[in-house]
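J.: My numbering puts the sequence shown at residues 1 to 279.
Rather than coming from a laboratory, the hints here were simulated on the basis of the structure. Any given hint could be a false lead.
Stated by the list, open to error - Straight-line distance between alpha carbons at most 16 Å, and here's what the computed EDC-like set of lysine to aspartate or glutamate pairs gives:
1. Lys-70 <-> Asp-80
2. Lys-70 <-> Glu-100
3. Lys-117 <-> Asp-131
Unchecked claim - Per label pair, the in silico range of CB-to-CB distance:
4. Glu-100 <-> Asp-80: 30 to 40 Å
5. Gly-261 <-> Thr-96: 40 to 50 Å
6. Ser-46 <-> Leu-99: 17 to 27 Å
7. Gly-250 <-> Thr-275: 19 to 29 Å
8. Asp-108 <-> Ile-62: 42 to 52 Å
9. Leu-99 <-> Tyr-279: 28 to 38 Å
10. Thr-101 <-> Asp-260: 45 to 55 Å
C-beta: ideal position from N, C-alpha, C; glycine also.
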Amino acid sequence: MFPAGYLDNMTLSPIDSSGPNPDPITGWGWGALILPYLEQESLYKSININSIAMNNTSAAAIAFHKTVIKGFLCTSDDTDLNTFGILGTVNPSDDTTDLETFYLSRPDGNFKLIRFKLAKSSYAGINGQRDLRDFDSALGLGMLLRGRGVSIAEVTDGLSNTLFVGERSSIFAKQAVGWLPSVCTWVGALPGGDLLNGIFSGAPALYILGHTGEPSDPHKPNSPQANGFFRAEDFTSKHSGGVNFLFGDGSVKFITDSIDGQTWVKLGTRQGGETTNGY
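Build out the structure end to end from the sequences listed, making use of the hints.
T.: And the structure:
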């Protein structure tokens with residue numbers, strides 16, 4: 001069983017998580033869930049995986065959020081942005097001593113915000129073909145979904161033909177359309193979090209997942225839109241000509257930005273029954 005893209009119910013287990021559409025609560029991402037397999041078991045055990053990932057003011061969670069893990073960073077990516085800041089809502093009664101605190105008054109109430117630091121990742125998981133902001137990412141056709149893991153038996157297209165994880169370079173963070181940032185983290189999906197350096201109104205999963213686009217609108221790697229901007233969910237790198245991707249069989253392949261669009265979107269599904277030769 002492969003891990004969930006991110007957890008969204010505190011009753012779900014980290015690996016074998018399932019459920020129709022539970023409310024987003026925990027948010028820990030696939031990168032956090034595989035820490036024990038990356039020789040980071042002590043870091044994994046430093047937090048309670050059943051606690052919330054975001055809006056958590058415990059000292060352990062704050063330290064966990066900003067731990068930079070070299071294995072999640074591509075050496076070609078910008079090294080001057082290994083952490084980034086977001087704003088999150090906390091309960092007025094939460095202890096925010098020594099944390100940067102803000103207060104927001106709106107017609108629907110008064111809110112207490114704090115500034116969280118998050119460790120950057122150079123890699124985002126493959127949710128499938130459809131836009132993460134348009135539908136429930138639990139229904140993704142790819143490998144890393146909201147709230148549930150995927151079994152090997154479900155990958156009928158074959159592990160060697162199915163994308164799992166791809167690069168997302170922070171160099172393009174300020175070039176994302178609508179100022180939606182393309183920077184991501186290994187920590188998790190962050191409901192209620194807003195980037196300090198941009199307006200973020202998209203799905204929380206955009207911090208950790210991406211998609212290939214649909215057959216009618218492929219989002220090929222390292223390929224901006226006609227207006228020259230990248231989408232927040234795109235896969236990008238500073239490598240000339242393409243992007244590195246991890247497949248289900250553990251292989252890493254360099255996919256060029258000249259790949260056929262239809263072949264590209266087929267690689268994003270786990271059981272589409274498509275032929276993907278010749279890329």
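J.: Which of the numbered hints above does this structure break?
T.: 2, 3, 4, 8 and 9
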